[in-house]
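*Asks:* Here the structure of chain A is known, so what remains is to put chain B in place on it, guided by the hints.
Below are the chains, spelled out letter by letter.
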Amino acid sequence: MTLAQAILSHKAGRPVQPGELVVVEVDHAMTIDSIVPTVIDRLEELGAEPRHPERVSLVYDHVAPAANVNVAEAQRRGREWARRTGVNFYEVGRGVCHQVLIEEGVAQPGTLIVGSDSHSTSYGAVGAFGTGMGATDIALAIASGRTWLRVPESVKVTFRGRPRPGVSAKDAALEMVGRLGADGATYMAVEIHLEDGAERAFGRSERITLANLAMEAGAKAGIVVPSGEILEHYDVPGWLRVGEDAAYARELEIDLGTLAPRLAAPFYVDNVHGLDDQAGAEVDFVFVGTCTNGRIEDLRAAAEVLRGRRVAPGTRMLVVPASSQVLKQAMEEGVLQTLVEAGATIGTPGCGPCMGRHMGVAASGERVVSTANRNFKGRMGAADAEVFLASPRTAALAAVLGRIPGEEEVAP
Amino acid sequence: MTTHHAPRTHRVWKFGDDVNTDDVLPGKYAPFMVGEDVFQNYAFAHLRPEFAGAYRPGDLIVAGRNLGLGSSREYAPEALKKLGVRAIVARSYARIFYRNLVNLGIVPFISEEVVNAAEDGDEVRYDIRTGTLELRGRTYRLEPPPAFLLAALEEGSVLEYFKKHGDFPGVE
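Which chain is which? The protein sequence lines are A and B, in order. If you read the first sequence in this note's numbering, its first letter stands for residue 1, the second for the next number, and so on. If you read the second sequence in this note's numbering, its first letter stands for residue 1, the second for the next number, and so on.
The set of hints was computed from the structure by calculation and includes no laboratory data. Treat the hints with care, as some may be off.
[What the hints assert, rightly or not] Cross-link-like lysine-lysine pairs, in silico, DSSO-like; alpha carbons within 27 Å at most: (1) B/K14 to B/K82; (2) A/K377 to B/K14; (3) B/K81 to A/K377; (4) B/K82 to B/K164; (5) B/K81 to B/K163; (6) B/K82 to A/K377; (7) B/K163 to B/K82; (8) B/K14 to B/K81; (9) B/K81 to B/K164.
Bear in mind that the values here come from a model prediction, so they are computed numbers and not experimental data.
Chain A on its own, in the form it takes in the complex (with noise of 0.2 Å):
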C-alpha cells in the first residue's frame, strides 16, 4: 500500500483501493477568513452546528487586517460563529493557516485534515494526508464530521542527496512541479521519499514547502514518508509505512546534488526555468513569505544575502512571516533587524499579497520576485504584472541586485 492508501484504509476500517470512493471520518476541518462566511451560509441552509466543534479551526490570515468595510463585517461574522459554536479560531495575525495548525499540533502523522485553502496538501509534510476543498465540501465536513473521497492512485518523487550551496526545497520543489505538469497529479497523491541524505538535509520546514508545492501539480495530497526530524518529534503510527507491495501511477527522481535554483516564469507554476534564462530583468518587487516560504528558515535565508547590504533603488521588499511564532524567533534571533535595515518592510503574519487582496498588490507591467505558490494572471494584482516564484535566497537576490539573477550568482 501507498501511504495515501494506508491513511484511508485506516479510515474506512478496511482496506481500499484507488479508485474506490469512501465516506470517512476527517480528523480535523480547516477553513479561513475569506472562505468562512460561505460556510456559515451552508451551516444555516443544513441547519446544522458543528459536530465535533474540537476538530474544526477557523484562521483569519487570507485578509488580515480587513483590507475594506466588506472584509471587516465578514470577519466579524466569522468571529461570532467561532465564539457561538466554539470552534478553535485563531486571530488575525497568528498565521497562515497550514502553518498554524501544523505549529498547534492539529497535523499529525496518519491524520486526515481537510481545509478550505488548495494547500492543505501541506499537512503531509509530517505524513498527514491533507487536501483541500471548497466551502460546501468543508460545511458537509464540520456538520456531519466526515466527507467524501476518491482513493487516489500515486505518483513517487523521490529526491536524493544533499542541495548544493544555495539551492533549497524551494528549488527542488519547482523541478517536482515543473516535471509532472500542472495537471500530472490530478486526482492522485504525490508520495515524497527523501533518501541518500535528502531526509537530512529537509527538515519539517522544508517538507512543508514539498507538500505545498504538490499541488500545483493538480495533488489531492503530497506525502513526505516519515523520516529524519519527523520521526524524532512526532509519533508515527506502525501502520503508517510504504507497503512493498506500493503500486504507483508513475515514478519520478530528482538529484538534489546536480540541482540548481529554478524560477517559475509567468503565468503558470509549471513554467520552470533555470535562472540564467531570465537573468538580468528588473524587479520592482519582491515578496518573502506565505505557505510556501514565510518560515524562519525562509527568513534568515533572506536575511543572509541581506546582511550588509541594501534593497536596490526603484525595487521594493515585503517580508511576511508565516507566523506569530516566526515573527517572534525572527525578532529574537537579529532576523528581523537585519531585513528591516537593508529596506525591507514587514507585514502582519499571514498570507499577505499573495492572491493579490492587500498590503501590497502588483501594478500593471510591475514584475514580481515571489516566494509563493502561484503566478498566475492577475493572481497579485494587475492582469499584466508578472509574478515570478523563485527560493526566499534568490528572491532576496533579486532584491539587493533590483533584478533577478543569475545562477552562479545564488548557487556559486
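*Replies:* Structure of chain B alone, referenced to chain A:
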C-alpha cells in the same frame, strides 16, 4: 434531475487549457471583497472581460484540459452558477473545482469530441438529463458523472442531497 433544462439553442463560450480559478474569478473580486450581490459580474474579468455582461443563462462553457486548477475558492464556480451556468464540457477538470461544481449542482461533463468540435460562438442544444448535445447537425452523447455523483446531482447537488437525506449518497 431537478435541473430541468429545455433543449433550446445556447451559445458556446470556448476556453483553452489550464483556465485557473483566478481566471474564473480573480481573487480580488471575491464576494467578501466586493459584496455578495455583484461578485459574479467579475467572472473571467481578466481573461474575457465581456463574458459576465454577455453570458445568458444556459449558455455552455466549453474548455480544454485541467479546467479550474488553482484555488479551492468555491465562489469561482458560484459566480458561474449565479450567472446561470448549468453544465460545462471540458477535456478534464482540476480536482477541487470538479468537487465544487458537483457540490453546487453544475454538471461537469467530459467530452474530447465536443471540445474538439465546438468553436466559440457556436449555437448548441443540450439536455443535461439525457446527456445529449447537438452541435452543427450532429448529436453527441455526453458521459454522465460517476454513480455517486449522479445520485447527488439527481437531487440537484451534493448539498441538496445532504439536506434531504442528512447524509452523503451511499458508496457501496
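*Asks:* With reference to the structure, classify each hint as holding or not holding.
*Replies:* Evaluation of the provided hints:
The hinted pair formed by B/K14 and B/K82 meets the criterion: a straight-line CA distance of about 19 Å does not exceed 27 Å. This hinted pair checks out: A/K377 and B/K14 have alpha carbons roughly 18 Å apart, not beyond 27 Å. For a cut-off of 27 Å, the pair hint linking B/K81 to A/K377 stands: about 23 Å separates their Cα positions. Restraint check for B/K82 and B/K164: the C-alpha separation of about 22 Å stays at or below 27 Å, so the hint holds.
For the proposed pair B/K81 and B/K163, the alpha carbon gap of about 19 Å is at most 27 Å, so the pair holds. Proximity of B/K82 to A/K377 is assessed by CA-CA distance (about 23 Å); at most 27 Å being required, the pair is judged to hold. Restraint check: the Cα-Cα separation between B/K163 and B/K82 comes to about 20 Å, which is no more than 27 Å; the hinted pair holds. Taking the CA atoms of B/K14 and B/K81, the gap is about 17 Å. The hint holds against a cut of 27 Å.
Taken as a hint, the B/K81 and B/K164 pair is honoured in the structure, with Cα atoms around 21 Å apart against an allowance of 27 Å.
In summary, the structure agrees with every hint in the numbered list given earlier.
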